[in-house]
Each structure stands twice: as C-alpha cells, then as structure tokens.
Amino acid sequence: MAEKKDPNPIWLATLGLFIIAGLYTTFRIVTEGHGMLSSDDQLVWTMPIATYVFLALMSSGFTQMACFPDVFGLHEFKHLARRFSFLALSTLLAAFLALSLELGSVFKMVYFVFSPNLSSPIWWMGAIYSVELVFLIGKLVKAQILVGETNFISILASGVSILAPLMLGAVFSMVEARPVFFGLFMPVFFLVVSFLCGIAMANLHTRMIYSSSERSHDDDLVETLDEFAKAFEFTLGIAVILYAMRFVFKSTTFLEAFTGGFNLIPLVILVLSFVCIKTLGPNSLIPAMLALVGVFGCHLEWLFDGQSQAIGVYQGLFVDASAYWSNIWEWLIALFAISVMLLLFTLGEKLLDLEGT
Amino acid sequence: MTRYAMVIDRQKCVGCGGCILACKNENNLPEGINWSYKISETSGTFPNVRFNYTPTLCNHCEDAPCVRGCPTTAMHKLDNGITMHDPDKCIGCKYCMVNCPYGVISFNWETPHKAAEVKAPLLGEATSTSKEMEEVAGGTGIPYYNSEREETLEGIRSKGVVEKCTFCDHRVKNDELPYCVEACPADARIFGDLDDPNSAVSQLLGKYEPYRLKVESGTNPHVFYIRDFNPAENNLKKGGI
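Chains as they are written, first to last, in the numbering used here: chain R, -17 to 339; chain P, 116 to 356.
In short, the hints are calculated from the structure, not lab data. Don't take each hint at face value.
[To be verified] Below, a list of computed lysine-lysine pairs in the BS3-like style, where the Cα atoms sit at most 27 angstroms apart:
| hint | chain 1 | residue 1 | chain 2 | residue 2 |
| --- | --- | --- | --- | --- |
| 1 | R | LYS90 | P | LYS229 |
| 2 | P | LYS192 | R | LYS90 |
| 3 | R | LYS232 | P | LYS329 |
| 4 | R | LYS332 | R | LYS124 |
| 5 | P | LYS153 | P | LYS127 |
Here chain P stands alone, though its shape is the one from the complex:
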C-alpha cells in the first residue's frame, strides 16, 4: 500500500517562498489563500536575534481531525494517504478549519480571483486589462490558469467552500512530483512513499532524526522535518551567574 509523505530539510530551506508561489500557480489559488506557506518566527533578544522559517502545508494526517469532523465526508482520505477535499459536497460549515491543529485549511470568503474581473487597465493605454492578459495567456478566469488542476478537482473552487493542499494529487497520479517539490530551488522538499524502504523519504527518515508538528495531537502527520539551518558559531563556555 502506498502512503505518500513529505520530508522538509530545514538546513536546505532558506525561506525563499518559491514553493508558495509555485503552489499558487499550479492550483489556481486566489488572493489570500495559500495551500503552502511558512511560519515565520524570531528567537532571541536584540542584538542576538535570528529569524526562523517553518514551511507548512496540509500534513495529510493519518488520523485527520478534519476528516473525522466533516459532516458530509467532503473531506476524505484517498487510499494513498492523501487527505482530499470534494468541493461539491462541502457545505461551508468550516468545522475542518476549527478542528485542524495546523491551521492549513482556508475558506473562500468571496468570489475567487475578483481582481481578474476588473475591466479597466491599471494604467490607461500602458497596461493590459486582466481580460486581455487572460486571452493572450490562454487562461480560463485568470491569466495564469492551469487546466491540469481540473483532473481531480474543480480548477477554481467557488465561494462558500474550503480548500487545502492535496499533495498535487493530479500530478502524483501521473507519476509527477507535487509542484512545490519540483519548484524548490534548494531541493528542500522531498516527496515519496513511506511504505517503500528505498524511497528518498524513507532513506532520509532513517538517516536523520525527524520531528513532526504537534505530534502530541495524535494526528500522525505525514510531513516530516529534518535538520536545521544555523550558520552561527557556538563557542564552548559554561555561561555565568
């Protein structure tokens, strides 16, 4: 049985946000919705401060609270371990959002891509209208529309339903990597089958001590983090009083 998972190597991740933008393009995400994002935190006290990034996405939990709580089974598990969402069945109760310990589910509060409906150009006779851009790019609804997304999900989800990362299931079923993995310039995201001992994810999990977010919730998340990026020197000393 295939169980897909992702390993995020934090030593390689520089927080460039390439995965976030790639995801938005691949899945036709509207403004304000990010299936892939990052938690940005600072630690220390000035002047000894550092900035930490934790890339985030749906953890595709094995015991997913969003799946358990969804009243219409709109949120459901696929056989390959991917947590999938069916917008046709979603009644917009938002229970999955309240129940998710990771805060990675978003709601379409208004008609998606409203900016693409603007008829007038930003600068008269200097820029194109959204409609003109859409025609040139061959898009549907938005200039950068990706029709491949329609293979397993509505290309653009309507207002009044939730949406979240699907591990790019439409690409995975065609033996392609999720687009955030493909687009990461540092190869910080590694994708594969947990049940295959020869997969890259299995090998990494055997080589480094992984950790997962909020594992104490009992959700058994399928996104693992390994290593850490830290160029700082640690001069050995005992501290003081």
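Here chain R stands alone, though its shape is the one from the complex:
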C-alpha cells in the first residue's frame, strides 16, 4: 500500500468544530427535549428527518454501486467497489445519527426488536436498513480482513439497497392523512435519487481523492469517471422529470390538501446542475455539488409540503407551515451528521486499504 498523505488540518478542524457543536446540540436535546427545534404538533417532521432521508438514500446509492462489479459484472467499478462499501457504511451511520437526534426516546428502540409491528412501514424500513448495515459490515470485513470473494454478500446487499429506498418511500407514501406526500410516487423518486446522490458523491469523492495522485491519468480511472458522468447525467434527467411531474400533478388537482403554494427552488437547482453539465463539461465538480444541494432541498420541500395542511384541531392553532424556517439547532443537527460522515470518509482513506473489491 502506497504512503498516504495526512488529511488537511484545516479540513479536520472544520469538521471537528461542527461535531463539537453537534455534540452540544445533542446535549441540549437530551436535557431540554425537541421543543428547541422549529417543529410543532402540525409540522412534526423537519430538517433532521430530511437529513436522515438524504443520507440514508445516498448510502443505498453507494451500496448499489459497490455491488455493480459482483452482481452485474461492471468491471469499470471493480477497483472502487470496496471504497464505495466503506462510503455506504459511513453514510448510513451518519444517517442513523440524524435519525437518533430526531427520535425522542432512542433508548426505547429496544422495543423495535422485541415488539415489532409488521403492518408498520417504519418498522420494515428500519429493519431493512439494519440488514443493509450488517451486509455492508460483512462485505467490508470479508474484503478487508478475510480477503475473499464477496459475490454472495454483494448479491444480498444489492437487493437490500434497492428495497431500502423503496421502503423509505413507503413510510411517506402510506401516510393516510397526508395526500400531498404523493403516494406511490415517493418510492420511485427515492430509488432514483438514491442512485443520483450515490453517484454524485462518488464522483466528487473519487475526483478529489485522485486529483493530486499519480493515478489521476490511469486509463481505468478515466474510463470509470466517464461512466460516472454518463450515469449521473441520465439519473439527474430522470430525477428532474419526476420532480417536475409532482408539481404538474399538484397544480391540476383540486383537493383541498393540494392547494398550498409551490417552492420551485430545489427543482431550479437540479435543472441548473443539468445545465452545468452541458456548459462546464462532465469533469467539473459543480454539477455534482448542485445535484446534492438540489436533492437535499427537494427532501425539505416535499417534507414540508406534505405536512402543510393543518389537520383537525390543529387548524388555526399554529402559524402557516409555509412560514417555517429551520432554526440554528436543526442546521447543527444536519451539519453534525454530514460532518461525521465526511470525517469517517477522511479517516477511512487514511487508515484503510480501500482499493479493489
């Protein structure tokens, strides 16, 4: 294994700062409760849930790509598969961190195992993501320590990584009281953006890792990055069409729940990402960055939109949901989870051998 460079101290200090701020936020939430967030009995899910969804889907995207060589024989991804498994694991841990800060009573999650409700989409989503976590650990251990073939685990992990976004979408699509979550649209959209976020972050990470190394001009790497660019552009196009369809459907339906306004900013960011691919070329980092920001914005937009109509006794009790603005604590939770993910990425690159399958 070649000598690896030490991580940039400014980078580490920045991540450390956000993690310390996140730990302080955690302390405040544990001692004071969730009243410090911007949520209330009408808008019960806010930025921490959007962060969880964003990271959990990205993790599934990484897992799908990590399994490409073993499952679909896409050998262009072979030398990056182990790295993607590690990125998937790190991202999923960060997602669970965001979720744990959203939940009120984390320590009672023991009942998740001992008192399961098989009719609950949340139970299935949690169970499937837990299985994905186990498979990812198994895949990494097999590759890193036991140094063996990972085909069988890859097939299982690949199946779970497709099922997990579908089930996470079902959590929202099966909400009976909130039609603006758009039913069966959500699982399809989640599956598409899981791959989109995975490939966008993989694109960024791979280009940054190899930008200053001798391998930056390897034929294998150049070929893989070309494949990334094609897959990214294609998936981004589907995501833009799907999300635009959501607005079209909403604008042509007359149910009271659908009469809220439109927030087109996330969609505009996604379209801008598409424009940047065409103008700046496939090797630019800007389209991938814009796509990640746009998808995070999409998650915030549909999450708030779905809850925007006050139900039952909450009508008139709370301010208009469209007036919601994330407060500093919600931003710190999001930055905490993302910083933990990036720190794990950084430490993994320094301490582990992530080349190969």
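Once you have looked at the hints, place chain P on chain R.
Showing chain P alone in chain R's frame:
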C-alpha cells in the same frame, strides 16, 4: 364483546370547554396538550355570520391508522375498542401524529409541567410557589395531580413520547364514565357500548341520523355526532337572482 363509543349531541353543546378542562385535570395534561378539544369555525359573511364548535377527541377508530403505522406497537387496541398508548414502548417517531386524519395526537416536546418547577412565587409574599401549592394540594409534580391516572398509564408522560385520549380507560374499567362525559354541564357527551342495544349510545344512534368525521378515510371512528345547535329562524323563500 364490548365496543365503547361516544355520541356528541351538538344541539346540547354550547362550546363551554368544560370537557377540555376536566380532561386536563383528570389526565394531568401539561401546557399545550389537549386530549379533548374543539374545532372552532365561522360560516357566512358579515353581518350574517355564525360560530360553530365541533368537540374533538381521539376517535378510537376501529381501523386506526395510528395503530397500523406504529413501529413498536406502542399504539394498540384494547379488547373493548379503546385505542391505547404505551409510553414505555414509544420511540417518539411521531408517525402516528402524521398518520392520524383527526390531528388528536400530541407530542411532549419538552419536560411536562415546567411551570410547576418554578421556585419563586409569581408575586413575592402575595402568592404561593408551585411547590407550596403542590404540598398543600397533596400533588405529585403538579398541584392538581390525579394519582388515579396511574392505574393504566404513567401519571405524567415524559418528554419525547406522544400521548392522546384513552376514553379515561382507568375510570371505565372501574365502571365510571370518562371524565369529560361526567363533567359536561349540558350532558352533550354520551358514552357507552355500541354492542349493547340498550345502551344510551345505541338508542341515540337509532333515534337520530349520526355522522362521523372523515369517515371516507375508512377508519371507522367510534365518536358519533348527532343533531346541530341552531337558534336561527329560516323564513321560507325562494331566493333570487
């Protein structure tokens, strides 16, 4: 099999809010949480306007979306049809709140009854502190604490869990009426067994045409509304163009 239900007679209900306060006392509810409440609406255009109250509470749906969606079975059905919640199992995911078509489930966003922890009196040497009031009243945590609530549920639910109306199951199992029913000065709330043809609720449902909230959701709610309060005269005429 017993299936408890409530009938709300809107001709008798004047919207006094007595049920809301009685419920808060009986179940030790903290500030901002109301298991029983009312939807207040206005109809018409000034000067022809009226104010409408619809008393609300958990509908104890037979096919309850909150029960179906709860990942840990914290929200569950009792054999007598009451939708019950177990705070020990609640992980605070709030899915029941998002899934409930009636908006009658609340979350403990912070430590309940924080006002009761205030050490200083509101007016020095003029009013008592919360602690002094609590000692005089014999309460636990709050001056008006009702220890009977502990029979089937934590007396005061902790922060980070949801809570909702239980049809006062602790009273019902002792053959007492839910406290909102007991406290209603107009007898607008009537409680009983749907499966008993001689119960007051069965008789009322046979006598008047009832309606239920959002019945199109398929939840089969167990709170029925009958009649309407309207003192206005309706002089017969055909309208005009």
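Keeping to a limit of 27 angstroms between CA atoms, is the pair of LYS153 of chain P and LYS127 of chain P held or broken?
-> holds (14 angstroms)
Taking 27 angstroms as the top limit, are the C-alpha atoms of LYS232 of chain R and LYS329 of chain P close enough?
-> holds (22 angstroms)
Pair hint LYS332 of chain R and LYS124 of chain R, alpha-carbon separation not exceeding 27 angstroms | holds (20 angstroms)
Would you mind confirming whether the straight-line C-alpha gap from LYS192 of chain P to LYS90 of chain R stays at or under 27 angstroms?
-> Holds, because 20 angstroms separates the two Cα atoms, which is no more than 27 angstroms.
Going straight from one Cα to the other, do LYS90 of chain R and LYS229 of chain P come out at no more than 27 angstroms?
-> holds (23 angstroms)
Hint violations for this structure: none, all hints satisfied.
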